[in-house]
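A.B. asks: The primary structure of each chain is shown beneath.
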Amino acid sequence: MGYLEGVIRTRVGYTGGSAKNPTYHDLGDHTETVQLDFDPSVVTFEQLVEVFFASHNAWYGSADRQYMSAVFFHDADQERVARAVKARVEQRTGRTLKTEIIAASTFYLAEEYHQKYALQGDSVLLAEFRGMYPDLWDMVDSTAATRVNAYLYGYGSAEQLRAELQGLGLSAAGGAHLLEMGGDLISCPIAGQ
Amino acid sequence: MHRPRSERTIGRPGLFRIAGSVAVVAGLALIISGLIWGCANGTEETSVTQGAIGSGTSVRPELPSLDLAAPGSFQTASFAFG
Chain H
1 MGYLEGVIRT
11 RVGYTGGSAK
21 NPTYHDLGDH
31 TETVQLDFDP
41 SVVTFEQLVE
51 VFFASHNAWY
61 GSADRQYMSA
71 VFFHDADQER
81 VARAVKARVE
91 QRTGRTLKTE
101 IIAASTFYLA
111 EEYHQKYALQ
121 GDSVLLAEFR
131 GMYPDLWDMV
141 DSTAATRVNA
151 YLYGYGSAEQ
161 LRAELQGLGL
171 SAAGGAHLLE
181 MGGDLISCPI
191 AGQ
Chain P
194 MHRPRSERTI
204 GRPGLFRIAG
214 SVAVVAGLAL
224 IISGLIWGCA
234 NGTEETSVTQ
244 GAIGSGTSVR
254 PELPSLDLAA
264 PGSFQTASFA
274 FG
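In order, the protein sequence lines correspond to chains H and P.
The numbering of the first sequence is the working numbering, which starts it at 1 and goes up by one.
The numbering of the second sequence is the working numbering, which starts it at 194 and goes up by one.
Any given hint could be a false lead.
As the list claims (entries may be wrong) - Pairwise CB distance ranges (calculated): (1) H:A163 - P:E255: 25 to 33 Å; (2) H:Y60 - P:E255: 44 to 52 Å; (3) H:N21 - P:E255: 34 to 42 Å; (4) P:E255 - H:T44: 25 to 33 Å; (5) H:G154 - P:E255: 23 to 31 Å; (6) P:L261 - H:Y24: 30 to 38 Å; (7) P:E255 - H:A19: 36 to 44 Å; (8) P:E255 - H:Q91: 43 to 51 Å; (9) H:A127 - P:S258: 16 to 24 Å; (10) P:G265 - H:Q166: 19 to 27 Å.
Hints in this document: simulated from the structure, not taken from any laboratory.
Think of the CB as a built atom: it goes at the ideal place given N, C-alpha and C, for glycine as much as any other residue.
All chains, please: the whole structure from these sequences, using the hints.
C.D. replies: Here is the structure:
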């Protein structure tokens, strides 16, 4: 979701369970989760939930809690919207979604190597971002890094990438590299984003 | 053979002693003035754009304008994609 206009930053982690301080290899009863900060004046929570349902297969579910489909709501409004969108998608498709809608609880950040995974795997762009953000957690919180990570995964539109390129803080060579790497971007599921 | 300290001094010991004292005082004055000047200007952060060379100051790359423009007010959402 990092490619969406209005999404400020993303991070991955573990939540929903009771185990203290989970890790990737000792997850306990937690679920792998993406948490994001967004500007509601640019993108609404309802739009995010629409993108969420459009971005994965929530009909089959997972027996493993680590990989279940879920919306962790942070307030009553989010709960209401999540349930409404889920019901709408079910009505539209005629199928029951396995997605659970659960109150958000303690969110444990995943290990460093899980954060901005695609960006960390691109040595050219990673070097540029680490030059700007020597502390990796500052890079994780960067909107520009969030965008670049999404583009490297192939999300977003080429038009959006070109429009945002100047604001990403990259050198000319870094920008050219990103344009080359993000050549086959996937169109955004929601209009206008 | 051990000789008294006064015998090991070359030339005019009084003149050297005075010159040394003046040098020490001048050096201290320079250090103190440097410290005062540095503190007076310490609130100004030196920012050098990426690629600046030989300025003698620490290089701090410019942050992305997208990050500088990020709003301080936001909401949080959490999703598990299965």
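A.B. asks: Holds or violated: 43 to 51 Å for the Cβ distance of P:E255 and H:Q91?
C.D. replies: holds, 49 Å
A.B. asks: At the C-beta level, are H:G154 and P:E255 separated by a distance inside 23 to 31 Å?
C.D. replies: At 28 Å between Cβs, range holds.
A.B. asks: Assuming the hint says 30 to 38 Å, is it satisfied by the Cβ distance from P:L261 to H:Y24 or not?
C.D. replies: 33 Å Cβ-Cβ, so the 30 to 38 Å window holds.
A.B. asks: A range of 44 to 52 Å was offered for this pair. Does it hold for the Cβ distance of H:Y60 and P:E255?
C.D. replies: Since H:Y60 and P:E255 have Cβ atoms about 47 Å apart, the given range 44 to 52 Å holds.
A.B. asks: Has the hinted range 16 to 24 Å been met by the Cβ atoms of H:A127 and P:S258?
C.D. replies: Cβ of H:A127 to Cβ of P:S258: about 20 Å, so the range 16 to 24 Å holds.
A.B. asks: Does the beta carbon distance between P:E255 and H:A19 stay inside 36 to 44 Å, or does it fall outside?
C.D. replies: holds, 42 Å
A.B. asks: When you take the CB atoms of H:A163 and P:E255, is the distance between them in 25 to 33 Å?
C.D. replies: violated, 19 Å
A.B. asks: Between the beta carbons of P:G265 and H:Q166, is the distance compatible with 19 to 27 Å?
C.D. replies: holds, 22 Å
A.B. asks: Mind checking the hinted window 34 to 42 Å against the Cβ distance between H:N21 and P:E255?
C.D. replies: holds, 37 Å
A.B. asks: Has the hinted range 25 to 33 Å been met by the Cβ atoms of P:E255 and H:T44?
C.D. replies: holds, 32 Å
Against the hints set out earlier in the document, a violation occurs for number 1 only.
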